[in-house]
Amino acid sequence: MTSDALALGAFDGVDDDELTRRIAAGDAACLGALFERHQANVRRFIGRMGVSADDADDLVQQTFLQVVTAARRFDGRATARAWLFGVAAMIVRRHRFSLARLAKRFTRWVGDEPAAEGADVAEAMVTTQECARAVAALAKLSPKKRAVFVMIVMEDARGEDVAAVLGIPVATVWTRLHHARRELRAHLKEGSS
Amino acid sequence: MSDRDCPRARDAEAFVDGRLPANAHAAWRTHAQSCEACARELRELYALRSTMHALPALVASAARVRAARRELEGHVDSARRRDGHAARRNAYLMFAVALVAIAAFIIERNVFRARPFDAPTVASSAVPDAPVFGVANVDGAVWESTVEGSVARTKLDRGVAELHVEHLRAGQRFLVTLPDGELEVHGTRFIVRIDEGKTTSVEVSEGVVALRMRGQPERFVRAGERWPAPPASEPTAAPPSSLPTAPAVVPTAAPTTSVRIATASASADPKPPVLPEAAGERYVAATRAFQAGSYARADALLSAFMRDFPRDPRCEDAAFLRAISHARIGDSAGAATLARAYLRAYPNGLRRREAEQLAGDR
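Protein chains in written order, with my numbering: chain A, 1 to 193; chain B, 1 to 362.
The hints are simulated quantities; they were obtained by calculation from the structure and are not laboratory data.
Small disclaimer: the values here were computed from a predicted structure and weren't measured.
For glycine and all other residues, C-beta sits at the position ideal for the given N, C-alpha and C.
Some hints could be false.
[Claimed, not checked] Residues from chain B shown here face chain A by an in silico Cβ test under 10 Å; the list is partial:
(1) V100
(2) E196
(3) T200
[To be verified] Going by beta-carbon spacing under 10 Å, a handful of chain A positions derived as facing chain B:
(4) A28
(5) E36
(6) F45
(7) G47
(8) A56
(9) V60
(10) F97
(11) A100
(12) R101
(13) E130
(14) C131
(15) I152
(16) W174
(17) R181
Work out the full structure, taking the sequences as your base and the hints as a guide.
Pasting the structure below:
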């Protein structure tokens, strides 16, 4: 079974692209291998996208389940790692929409304002004053700018890969990144002054 | 902003992101070493990256990762099982649909189309010289078809049947034996209805049929005509007083809508047999003369008809009527000669027995 194959290191010589292609062909064992290699990257990316630690497990799971069907669309233009970030970004976006819907219903029901989006992130991550300011600044970015910033600056993805996985032109990636940096620096300066 | 101090500061991000070409990258690095504004911009970008990289990341324990992997594999396995069940269910469904379709096809072929035209009762391939024809059940028809040489005969006992006969070659004949008469056709399509042992209607959609009802003179029913006339319509011509009264033949307005018109076989000639109007008129004139008792005139007219239209299918009847005409005039020798000529020309003719009597062979 899958776990045995992983334990024996059956996929050591198989690169990520090949694993993804095998998953697309229906080889479920490769999904376990891809999960072992990239679950930490995906989990970190999801956390930096503002998802709480409580929800991160579910979203990592959903990301790799989505890979089973999305692997057929993997064309190798971007690296498998960047492509996984793209899938995770989509899962986070869905999660955020469903949370927003839930919060809206709840607010209507209790007649109160929803909590700020970055609040739970801060709760999970903040260890220092500087970190708190950084998390708050990151939380203020729009999801689109935040995804680009996290992928390129924090996860060291290539701009071309990000453009491919998000389905946008490369120039748009750099534009979003530029605005994200400018806003973050402004927020951080505001916080320190 | 720093780029107000130095226009090249705006390239700092491209430098950090590695977007500058190699030579521009090196040139910008050299420039930043001597430009305070660009150096400051570069420091701030690196500081931002360091700050963000320093943020704690979500990390799962090894046990949690193992559990998550098992959970993931469980999800995939159950999804596969669901897909497998769905695929099997779809396969069963498709199989059931196919069975129902086949059953419907068989029922439709055997119940609603008892005798389709595309399966003619007698095919020319089975008997080389036989006429090609088809008989289809329209409503409770019971029939039996036999072929002897070039003569095909269908005995229709009851019900409504639609018949189609391809154009007959020389010597070929197609006869329909009715409970109270007979029909002879020459490349045609028609419907016969028999109720309680009596022929109640004959409708012709193509060609012409010769209808010989017992105790009545022979009459022709042509394309678009129906025998007998509907009660409300007027007869087209009064029969001779010397002959028994017979229903008139009148044109039909349109083919019977309740009857399914079957398609002719692939080898069928789409055109009905060519019957020049002059031939029809000449033949009718001759038979009227015969029915009026003007046998000499009838003989002359029939002889001229046979000479002028030797390929006309009615020549057989004309030949026989000539022999009868001579017999009724009292010219037995002439009648015998003409009867023998008839038998030579039509060895399997409908009037074979009468001709043999006239010829003195019996």
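Quick rundown of the hints versus the structure:
no., hint, verdict
1, V100, "33 Å, violated"
2, E196, "72 Å, violated"
3, T200, "71 Å, violated"
4, A28, "5 Å, holds"
5, E36, "7 Å, holds"
6, F45, "9 Å, holds"
7, G47, "3 Å, holds"
8, A56, "5 Å, holds"
9, V60, "7 Å, holds"
10, F97, "21 Å, violated"
11, A100, "21 Å, violated"
12, R101, "24 Å, violated"
13, E130, "7 Å, holds"
14, C131, "6 Å, holds"
15, I152, "7 Å, holds"
16, W174, "7 Å, holds"
17, R181, "6 Å, holds"
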